[in-house]
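Starting from the known structure of chain A, fit chain D with the ligands onto it as the hints suggest.
Protein chains in written order, with the working numbering: chain A, 3 to 241; chain D, 94 to 406.
Honestly, the hints are just simulated from the structure, not real lab data.
Heads up, a few of these hints could be off.
[What the hints assert, rightly or not] In the DSSO-like style, the derived pairs of lysine-lysine whose C-alpha atoms are separated by at most 30 Å in a straight line are: (1) D/198 to A/208; (2) D/132 to D/198; (3) D/304 to A/136; (4) D/262 to D/367; (5) D/132 to A/143; (6) D/347 to A/239.
[As the list claims (entries may be wrong)] Pulled from the structure, derived: some chain A residues nowhere near chain D, Cβ distances all over 12 Å: (7) 40; (8) 46; (9) 93; (10) 143; (11) 180; (12) 186; (13) 196; (14) 219; (15) 225; (16) 236.
None of the values given here were measured: they were computed from a predicted structure.
Beta carbons: idealized from backbone N, C-alpha and C, even for Gly.
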Amino acid sequence: MLGDEVEFTDDERDVDPDYLDFALNEWDTYATEEALRLVEAAGSGEVVVVSVGDEDAEDAMRRCLAMGADRGIRVEAEGRLDPIQVARALAEVVQSENADLVFAGVQSSDSVQAATGGALAGLLDMPSVAVVTKIELGDGKATVNRELEGGLVDVVEVDTPAVLTIQTGINEPRYATLRAIKQAEEKEIEVRPVGDLGEPASRIRKMFVPPKGEGAEMLNGGAAEVAQRIHEIVQEKLA
Amino acid sequence: MSVLIVAEHLRGQVRPITLELVSAAKELGEKTAVAVIAKDPASIADQVDVEGVNEIVSVKVEQEEFENDVHRQAVEQLISDRSPDVILVGFTVNGMGYAPALAAKLGIGFASDVFALRRDGDDLVAERSFYGSKVNAEIDFPGHDRVLLMIRPTSWQPAEGDGAAVQAKLEAGISGSRARHADFQEVASGGDVDITAADFLLSVGRGVGEKENLGQFEGLADKMGATLSVSRPLVDQGWMPNSRQVGQSGKTVKPKVYFALGISGAVQHLAGMKTSGTIIAVNTDPEAAIFNVAHYGAVADLFEIAEELEKLC
Ligand SMILES: Cc1cc2nc3c(=O)[nH]c(=O)nc-3n(C[C@H](O)[C@H](O)[C@H](O)COP(=O)(O)OP(=O)(O)OC[C@H]3O[C@@H](n4cnc5c(N)ncnc54)[C@H](O)[C@@H]3O)c2cc1C
Ligand SMILES: Nc1ncnc2c1ncn2[C@@H]1O[C@H](COP(=O)(O)O)[C@@H](O)[C@H]1O
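The shape of chain D in the complex, shown without the other chains:
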């Protein structure tokens, strides 16, 4: 199977997902090509020349940063030029921008948020989950000899080691971009604490129910010597500043202890904390996905546990 990987980069730096895709391709491919779509492809190409990459295809474009239409067109031309069996794209915000559009337009096989891959004879079998990661599914692609897969970040280790890829070029004709990058706005750094620096995070999720209940957990965190962090819904609702948010669109943390109360364990939350030293989770739902990454778990009501913990500190 020949595999085409689309490199992802931001402000001149290749993003880790790209090298993770190289590792994923090793499960399938005899031949792996990495496409670098950039204004200055050479510097990005250097960063993706790792072991396992056979070929690097540079596509020079005018745009400095990711633009949806540029990727839609460039990857479409790459596919018709290279005829790959499998196209691997990150399940990232950029990937979400163009990959489903392209797969739909071409009518090729498609799956997103894939975290495992294997070959079963001639068939490609991918794994993804449904229903809050409570259920997994094996999927295949009958009738499709070309498949585009969006791969969940951090599912594979980034590939490393020196590569010796053949360098190639594709002259792509990009006709206009209807969604243009104008500017980057940094995340407001504000907020009173740096949760990435804490040894002990007490993290609460939507299970806390109401804003009024948060005070109790601020108090408990204080007593236990922990720093309070939260899942995204609490920030979305304006209960907490985003400097306290753990996860893919918030902060990536790695404290010695991560104590999660009323957090279900959505993929994007786990992306920000699953490498913590010790994870302790309290949730009323015994099937909650957070228990799959936790070291210690309790099926219990978070308010009851909080009350008992207060007595101990």
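The shape of chain A in the complex, shown without the other chains:
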């Protein structure tokens, strides 16, 4: 997450990491919860959290572990990777773990690529469904809701194992208790070396703060003054 201020690296190809805060991506909170519920309903099984990144990624992984995930695997990688490179790293882990279901978030709030889960399915030639808002597990398949634009739901029958990208609102994520957060410190995060990530799918030439364009007319002053102006504008525009 980027706060109110931003500085760029010297080559202007990325944001200076000092200006970033790390948190568990909203979509991944829902994905973790959904995995936990399915395993709880099945009465057996395991939820494994996987992340590709440097040590900074472990805080977010610990959040998943505190929610109840059993263990973590971090693939050691540094710097910005594109979603297909991340998927290459994830693919090796998914293969070695023989997962019955693979969840990713629909998108990361920082990058809005909405690509990593799909790319993973492509590399492993697995069935996949993007933007899932409901899952019912069957035998060798699952019935899922895929949420289209305007909220229209496409009910899809998907063969499993499959990769599903999970949309917010699919469930109500649990809060981790303080005790669970403490216990999560003890859970295992295995660190694996990264394999061949292949050629990048793209390269950032330059990052910059978007030009403000015409932009908004900013209303300055105290709250009373601003409210007064808003009141006037509303009256005028509705007249």
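Relative to chain A, chain D with the ligands alone:
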């Protein structure tokens, strides 16, 4: 550069993104082909024969509606048959289903949520944003002579005008679909109001903090003669029915006045309200993306503004 566009359609209707992709292709292409993957390609092909399209390639498949595996296979065969330099796909839910998978499998250049395109000599340069649209990036694709781009909806005007495209066919061999369309479920129409009919929407986002705080804004909307609408997180958390949600997966609205409080201005929210008559935004973050589309903005605490507004009504 030759461009291949994959048409998107739903229940027999081509979706607007397809014609927006035709406009996007005009920034690049000498030659633009539109692929129509459908059970009845002819009726869709008619709808995409607009100015700027050189060729329409029909791919007849058994499936009536979008299925991920069908698109993965059909577009892969289209690419090997046509050798396009650039493949354009909508940054839509369907696009998210198959395009990243295909790009990864083929190892071609890739970027999603692209909203601007240009050529710089022989290079293709695309623009997308990062970090809640607070930062933009120019990206290129060194080492790739083929690139798949997913284009942000409403970034280009839909192409129009009569076309005179050459009609072609591709016989695709589709071997099975592992994620099958079973049914559509309409959005529950329920809810007490139709936010698309309101002249004045007072819209609150996650900045409101807690469910308990919503009452204050319901009251304020009442006093100001506005209808209350919300961003998605408030619906996700069950605080408000989805009939009140503005955005890509909710309602598209165009009131005379859209008054946004504590809404950051995520792409999918903007998709539902950016053509509103007058947009007024209150947010504590001066860099919030909502200010890029707002006509009037205030960097302020929404509770303080609400309190002052109550006194005025
Ligand atoms: C496929 C898909 C479809 C989607 N469809 C939609 C959709 O239809 N509609 C939609 O809205 N979203 C949609 N989203 C979600 C979207 O990406 C964002 O997550 C969402 O819009 C964020 O909502 P928000 O602005 O309320 O919350 P946030 O992004 O969390 O922003 C909250 C804002 O409140 C400000 N704030 C905090 N405290 C205060 C205060 N005291 N006073 C003033 N300001 C304050 C903060 O600075 C921040 O800018 C979709 C996402 C996907 C992937
Ligand atoms: N570095 C990473 N490690 C593990 N999972 C990731 C990583 N980057 C993205 N993902 C997953 O992919 C989803 C979509 O991210 P993106 O494609 O970047 O928008 C996220 O919600 C995560 O579930």
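Going down the list of hints, with the structure as the test:
no.: 1; hint: D/198 to A/208; verdict: holds, 27 Å
no.: 2; hint: D/132 to D/198; verdict: holds, 25 Å
no.: 3; hint: D/304 to A/136; verdict: holds, 24 Å
no.: 4; hint: D/262 to D/367; verdict: violated, 39 Å
no.: 5; hint: D/132 to A/143; verdict: holds, 25 Å
no.: 6; hint: D/347 to A/239; verdict: holds, 13 Å
no.: 7; hint: 40; verdict: holds, 18 Å
no.: 8; hint: 46; verdict: holds, 25 Å
no.: 9; hint: 93; verdict: violated, 9 Å
no.: 10; hint: 143; verdict: violated, 9 Å
no.: 11; hint: 180; verdict: holds, 20 Å
no.: 12; hint: 186; verdict: holds, 24 Å
no.: 13; hint: 196; verdict: holds, 17 Å
no.: 14; hint: 219; verdict: violated, 5 Å
no.: 15; hint: 225; verdict: violated, 4 Å
no.: 16; hint: 236; verdict: violated, 6 Å
Of the numbered hints listed earlier, those contradicted by the structure are 4, 9, 10, 14, 15, 16.
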